[in-house]
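S.K.: Under the working numbering, the final residue of the sequence shown carries the number 1337; numbering is consecutive throughout.
Incorrect hints may appear among the rest.
Okay, derived cross-link-like pairs now, DSS-like style, lysine-lysine, Cα gap no bigger than 27 Å in a straight line [stated by the list, open to error]:
id : residue 1 : residue 2
1  : Lys979    : Lys1009
2  : Lys1135   : Lys1233
3  : Lys1135   : Lys1149
4  : Lys1312   : Lys1218
5  : Lys1233   : Lys1290
6  : Lys1227   : Lys1288
7  : Lys1233   : Lys1312
8  : Lys1093   : Lys1219
9  : Lys1093   : Lys1216
10 : Lys1135   : Lys1219
11 : Lys1227   : Lys1216
12 : Lys1250   : Lys979
13 : Lys1149   : Lys1009
14 : Lys1093   : Lys1135
15 : Lys1250   : Lys1216
16 : Lys1009   : Lys1216
17 : Lys1288   : Lys1216
18 : Lys1296   : Lys1168
19 : Lys1296   : Lys1285
20 : Lys1250   : Lys1009
Quick list of simulated restraints, FRET-style, between CB atoms [said to hold, decoys possible]:
id : residue 1 : residue 2 : range
21 : Glu1289   : Ser1169   : 31 to 39 Å
22 : Glu1245   : Asp1146   : 26 to 34 Å
23 : Ser1109   : Ser994    : 29 to 37 Å
24 : Asn1213   : Thr1299   : 34 to 42 Å
25 : Tyr1326   : Pro1170   : 44 to 52 Å
26 : Arg1083   : Asn1213   : 42 to 50 Å
Note that these hints are calculated values from the structure, not bench results. The C-beta atom is built at its ideal place from N, Cα and C for all residues, glycine as well.
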Amino acid sequence: MQVIGVVEGTSCPCDQLVLMTCEDTKVYGYDGEELHVVAASLQDLVHEGIEYPASKSYYNGEAFKNMKDKDWDKVRKGAVGRRLDEEHRKLVTTGKSNLKNFKLTYGSGCSGDSEVLHSILFLGHINEPRFTPEDILCTKLNEYKGRYPRPFQCYSTQLPKRAPISCVLEMIVSMTGQEEVKVIFQRLLQLIDKLKEGETKHLVSNTFCVSQPNKSPETARYYGVSMSTSGRDSGRIMVNACCLSRYWDSYVADAVMTYNPNKQKKTYFDATIKLPNEVKCQAFGFSEEMTEMPPCKSCSNLFGLTTSSTRIWPYGNCAEPESLSNLLQNEKEVKEKSEPKSKTCTDENRRRAEDSVWKETERMLREKLSDRYEYGRQFYTPQV
954 MQVIGVVEGT SCPCDQLVLM TCEDTKVYGY DGEELHVVAA SLQDLVHEGI
1004 EYPASKSYYN GEAFKNMKDK DWDKVRKGAV GRRLDEEHRK LVTTGKSNLK
1054 NFKLTYGSGC SGDSEVLHSI LFLGHINEPR FTPEDILCTK LNEYKGRYPR
1104 PFQCYSTQLP KRAPISCVLE MIVSMTGQEE VKVIFQRLLQ LIDKLKEGET
1154 KHLVSNTFCV SQPNKSPETA RYYGVSMSTS GRDSGRIMVN ACCLSRYWDS
1204 YVADAVMTYN PNKQKKTYFD ATIKLPNEVK CQAFGFSEEM TEMPPCKSCS
1254 NLFGLTTSST RIWPYGNCAE PESLSNLLQN EKEVKEKSEP KSKTCTDENR
1304 RRAEDSVWKE TERMLREKLS DRYEYGRQFY TPQV
């Protein structure tokens, strides 16, 4: 394959869609997770533009033959390898400061701080390159160890239940009041803008969601943010953790676990739901304009949300699952109307699905950590 250019502004996981041509004359786009067939030819690319996400895509290298060591050596020593080395060095220097920025920006002294810190330390631990507590906190290390000893004791043995920014969102809603949509949004936007100053995507969410049991302005509002991690596997690990820890409502967790990592539906388990028509669920992009965003096809498949979008993002990555989870946990009538209908949604099949998600999570962690792997099937719970 030959790289022919980069497209920005597609909202793909890595911000940039890398365009490539191949011997079959088709044009492919790599978004950091999947290889999409974005055009039938260069001529079609010029006249019709790109199709992204594409109807045909390849996941986890399934389009390629295994490369031998000498092939990889050739890549590493070439222009692409040198560019990746430079980006790796840049990531090390900017990423550490942003992880530190996140913790030092939101420190309130409450039990939520302990959960935020544990989640950050965990993500630093599994990141490539690894960020140690010393890297993240620098001169503040001993201060935080003294105030919050348990996150330092548990980040390498217990999984977080949610991403750091989800903890911060809960704090902001608690302090502000659930009715103050714009104030909550602006406070999160300020944090995200600060994190972006280092030119890295660590811990940054792209979307924000508000759900209500109906469209009346008097009803309660429930919030969520998209998965805020860096790298495909870290995002998948956190989505799995939200499901397995039951941080997410059981209906949301089960719906997400209905789909495999390759975005294919499990044949033995279907826990997708259809929300009542009166439920209001609206996502927004993190920008000053607070631009409304339609649900992606993934969220439509999971929750029955109406959309014209054909984009299929990794299941559970969007802001809608967390927002709708909070709604279902608090609105009994809405949950009763949203019960899964498939006959395959049984306790036995649910246990089978959960076990497959656990095994996938453990495999990814072992691949990342190798001899540093110490995790059991336990989740961190902050002490109040």
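S.K.: When the hints from earlier in the document are held up against this structure, which numbers fail?
M.R.: 7, 8, 9, 10, 13, 14, 18, 21, 22, 23, 24, 26
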